[in-house]
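Novice: Sequence:
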Amino acid sequence: MRSIWTGSIGFGLVSIPIKLFSAVQETRLDLDMLDSRDHAHIKFQRVNENTKKEVPYDKIVKGYKYDDDYVIIEDADFEAAAPEKSKVIEIESFVDLDSVNPMYYENSYYTEPATKKNKAYALLLEALKKSGKAGLARFVLRSTESLCIVHPVEKDIVVTRIRFAQQIRDQDELKLDDDIKVSDKELKMGLALIDQYAEPLDLSKYKDEYHTELMNIIEQKAKGKRPTIKKLKPKAAKSDDLYDQLMSSLNAKKGA
1 MRSIWTGSIG FGLVSIPIKL FSAVQETRLD LDMLDSRDHA HIKFQRVNEN
51 TKKEVPYDKI VKGYKYDDDY VIIEDADFEA AAPEKSKVIE IESFVDLDSV
101 NPMYYENSYY TEPATKKNKA YALLLEALKK SGKAGLARFV LRSTESLCIV
151 HPVEKDIVVT RIRFAQQIRD QDELKLDDDI KVSDKELKMG LALIDQYAEP
201 LDLSKYKDEY HTELMNIIEQ KAKGKRPTIK KLKPKAAKSD DLYDQLMSSL
251 NAKKGA
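Quick note on UniProt numbering: the sequence shown kicks off at 1 and runs consecutively.
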């Protein structure tokens, strides 16, 4: 893993030098765009709209359109906007980890102490574990300010970016029926079905099956074979009554 950010975690008056590493990796297949006639690669060029000529990377700058002209933003400008946030993940408060709605989660990053045998890092890790709390902080990554939670995962302190409240759309825009009545009998059956399917969370047993199947199809086609396409077998409900469907689901799970 390569470090994508270096700075420190601010914990009161304690500063903990760290490096950030991406904790996740994509499982999507790297597919190229080709010309269907001769399978040649499709190349995208960075073209100047005035000269129609390609622009080299070292001549590309970032600009913000202001009135009828552009203001050029340089790397120093991004850092000048909030120098303390560019280098420090400053914990502003501590919250219950369970209080963070999953809708707010974005990317997670592993941290690594920049110095060996860092006692402050070990202290924060142990304190977070014992308290069951997570630090709420802000920092700048790739020219974007992010809200994040600092929380323990096994033997590492993890920084997970979360969305700002203003990024979550209001549910009032949705056409939701709030006057539908659920009978006590139906609710009891629904709770029984949930209880029947309840089990300890173990994400390790779930794999990206779509990725695996698509890779199998690619390998078969590479060998000149015609891949076997699985057909969906829709399960028809025996009844339109919600209670009957819940009961059938419960019995099906018991017989599995």
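If you're looking for bench data, these hints aren't it; they were derived computationally from the structure. As the structure is a computational prediction, the values presented were derived from the model and not from experiment. Glycine included, C-beta positions come from ideal geometry on N, C-alpha and C. Be careful, since some hints might not be right.
List of simulated lysine-lysine pairs, PhoX-like, C-alpha gap at most 25 Å [to be verified]:
(1) Lys207 x Lys188
(2) Lys155 x Lys129
(3) Lys130 x Lys116
(4) Lys119 x Lys129
(5) Lys19 x Lys133
(6) Lys65 x Lys19
(7) Lys117 x Lys133
(8) Lys19 x Lys155
(9) Lys62 x Lys116
(10) Lys117 x Lys19
(11) Lys87 x Lys43
(12) Lys59 x Lys117
(13) Lys129 x Lys19
(14) Lys19 x Lys119
(15) Lys65 x Lys53
(16) Lys53 x Lys87
(17) Lys116 x Lys19
(18) Lys59 x Lys43
(19) Lys223 x Lys205
(20) Lys205 x Lys221
(21) Lys133 x Lys119
Derived Cβ-Cβ restraints for the label pairs, each shown as a range [said to hold, decoys possible]:
(22) Leu136 x Tyr64: 22 to 32 Å
(23) Ile229 x Met33: 38 to 48 Å
(24) Thr144 x Ile60: 41 to 51 Å
(25) Gln196 x Ile60: 13 to 23 Å
(26) Phe44 x Asp208: 45 to 55 Å
Novice: Checking against the hints above, which ones are violated?
Specialist: 1, 6, 9, 11, 12, 16, 19, 20, 23, 24, 25 and 26
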